[in-house]
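Spelled out from the first residue to the last, the chains are:
There are 2 protein chains.
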Amino acid sequence: MANKEIPYKIYLEESELPSSWYNMRADMKNKPAPLLNPGTGQPMTAPELEGVFCSELVKQELDNDNAQIAIPQEILDFYKMYRPSPLVRAYFLEKQLDTPAKIYYKFEGNNTSGSHKLNSAIAQAYYAKKQGLKGVTTETGAGQWGTALSMACAFFGLDCKVYMVKVSYEQKPFRREVMRTYGASVTPSPSETTDVGKKILEAHPGTTGSLGCAISEAVEVAVKSEGYRYVLGSVLNQVLLHQSVIGLETKTALDKYGVHPDIIIGCAGGGSNLGGLIAPFMGQKLRGEADYRIIAVEPASCPSFTRGRFAYDFCDTGKVCPLAKMYTLGCDFIPAPNHAGGLRYHGMSTTLSQLYADGYMEATSVKQTDVFQAAEQFARVEGILPAPESSHAIRVAIDEALKCKETGEEKTIVFGLTGTGYFDMVAYERFHNNEMSDYVPTDEELAESFKSLPQIS
Amino acid sequence: MANKEIPYKIYLEESELPSSWYNMRADMKNKPAPLLNPGTGQPMTAPELEGVFCSELVKQELDNDNAQIAIPQEILDFYKMYRPSPLVRAYFLEKQLDTPAKIYYKFEGNNTSGSHKLNSAIAQAYYAKKQGLKGVTTETGAGQWGTALSMACAFFGLDCKVYMVKVSYEQKPFRREVMRTYGASVTPSPSETTDVGKKILEAHPGTTGSLGCAISEAVEVAVKSEGYRYVLGSVLNQVLLHQSVIGLETKTALDKYGVHPDIIIGCAGGGSNLGGLIAPFMGQKLRGEADYRIIAVEPASCPSFTRGRFAYDFCDTGKVCPLAKMYTLGCDFIPAPNHAGGLRYHGMSTTLSQLYADGYMEATSVKQTDVFQAAEQFARVEGILPAPESSHAIRVAIDEALKCKETGEEKTIVFGLTGTGYFDMVAYERFHNNEMSDYVPTDEELAESFKSLPQIS
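Sequence lines, in order, name chains L and P. If you count the first sequence from 1, position 6 lands on 6 in the working numbering, and the numbers rise without skipping. If you count the second sequence from 1, position 429 lands on 429 in the working numbering, and the numbers rise without skipping.
Incorrect hints may have been included.
Unchecked claim - List of simulated lysine-lysine pairs, PhoX-like, C-alpha gap at most 25 Å: (1) L:Lys80 <-> P:Lys80; (2) P:Lys256 <-> L:Lys9; (3) L:Lys31 <-> L:Lys367.
Stated by the list, open to error - Sample of chain L residues lacking proximity to chain P, with all beta carbon distances greater than 12 Å (derived): (4) Lys80; (5) Pro303; (6) Thr364.
The hints are simulated quantities; they were obtained by calculation from the structure and are not laboratory data. All C-beta atoms in this analysis are idealised placements derived from N, C-alpha and C, irrespective of residue type, glycine included.
For reference, chain L alone in the conformation it holds in the complex:
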């Protein structure tokens, strides 16, 4: 099909929006390895998982068979509030780079959470409501996930308890206020509200908290409170499933104009955005119907794919959550300060890990200063101030487009612009003041953190 003239922004009609999520696992020959019970070393069963997660979400988590999972009408209605997100042709960036490459980005930042996180938050809140729960608990670091979940819970009238890493709680008071606007209770973690929090505060009185600790507190509250469950914004299979709406919209929009991408690029922390963006394209690749270069981009300071091990590891630093087989730096790994808070996870989605191990995708890592240079360049010509996380993908998209300039190839590049940087101006300020760290862990440091990997027979 010949290309029609491509508009700057492609917005799908409501009738063109996906009505089902796509589950990549159904088309994978090698399924992702199951979660293991850390006590028994045996695969986690549905009843075990249902103590922590909503029943319907457990079903989705364990479903390796159904490729299409219908999106409930209530979620489709909510999606209409901020979806479809635009697929943007980066004409201005192409012009500035003077590249023959054609660049597109799927922009997920036009909602109050400022990121793609809302896609899964509304799904998880819906199933919690459907199950008759009173509320949910979660942790948040940078704050996008907590904001998204607060919005979703407000919509369904669910109580929302967010444990926010103390240092973020204090340094990002604005994120906290957005969550409060949506009626969530936000507690700095570690706190006196949980046993694990008290224990940590006793051992480390001045601690500013960590994501691992906030997870442990949120899980404890969910398990001990009648009518509550715990929800998580990345890493899990269910989250990738919900996020497939990103890729499905992207593919429909490209197909509408007869565009076949050559390269698909996404930033990767736990994998929620990348897994969602690539889903239908990876499906074609798995079924042998089409081929694409798929590139995961991670920070050089937290290089799970590029320098990690593919092994069973704890999902949390508190070592209370199930074990997952994934590319990991070891759950004791402490990444150097990096402003892409959403990419500072030691592990990676089990689904994406398996796909990477099987050679279906590439991975690369980039340094923070290079990322912010790309962010600023992009902001100035495309008019969107990108989140630090998203800017990892921008960096590699620009690099690939510049390679096309060298070779003269007219490749089509699609990348995921996961969100906006409005709450990340401290990071931009450091960049402007040349105060950014580009620290990369040494081999010795990684070797040390790999020692924390559990021994699984």
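Fit chain P to the given chain L structure using the hints.
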């Protein structure tokens, strides 16, 4: 025409976008009164204005005759970056209010300036570039205008000098960093960089600045620097002209679905958003082709329309700018602290003032706490965190919809949602903590400030 099913969000196709701005003045029987030279009391001439403003913009400022003014292609291209903005059917809000009213809002916040200000910023930057200027100067209070202008200047490679009210510079460092990301130089005002700044600092060493002072500094720098002009984000006729793109898109979208609004509501500070939103509807009203209720909403703490005088006054508190005939509280009026920084101007657009005096529109004022209650209610069901300014319109839209609930009338209400509140979380925090002021000026205070009105023969 029968109503088709209305989608949640109406995005126009590129081919449906306006290619001309609409100039309401052409259809006004009573033209807005001319700006006067404060020295001579005579109407400002084009050559006088061209010392401060770009030539093409002066032409637009003085043009009371041409209804359609073609939008240059370069501006149309830039508009594509973030326009069309969606016209949203507030299905969720209607449901929550249980009202038979049909509510629509035109959302201008989906761009990095966070507001509609970009519509005029890019036009003014374009004409500056076309004139061969090196750069422009401006002032900013809350920061939306400064951000918008920085983005526009970055796009055309123009230098951008922003004088930011010192208290905002210090309390809103994030806004400042966004401007720096776009390459603008941001100077806290009053500063040592201008004569007027030095004079003020000498007289008031500890002052945290004011918009009036920042205007005076920006104008001084523009006039004294080779290749620079001053630009302004509201009040002026040219700004309303550029902002007409909001109303034109709104009307096209409504017409497409056969919807005739009964009530059109916009917040009003200097009038840039309101004047833009209502433009084509007011045009029909002026030509006797259709009728609409048009409501301007202002803060009770700064009630220019509802309690001001229609008289010639200085546009700035420094009394160096031309005199404009407008609804004004007196240029010495100091509004009580109010978080809607964009609505704290003592005067009002001369065009809107004339229309209000001639009975073509209504005005009402609302208190700050009521505004934030509406903002939070709206955010929770519609998923957008509104700017305090925009929330004035939300308040009155909700009130009108609730009246429909009483009477059972199925009125169609359209309001302008000018922007997002991401940089206004301090205001939301005060609201959550019940620390908001609802101070309204007394009649005695207004009588006192009216004494500052100049005596014009």
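> Where does the structure disagree with the numbered hints, that is, which hint numbers, in rising order?
Replying inline: 3, 4
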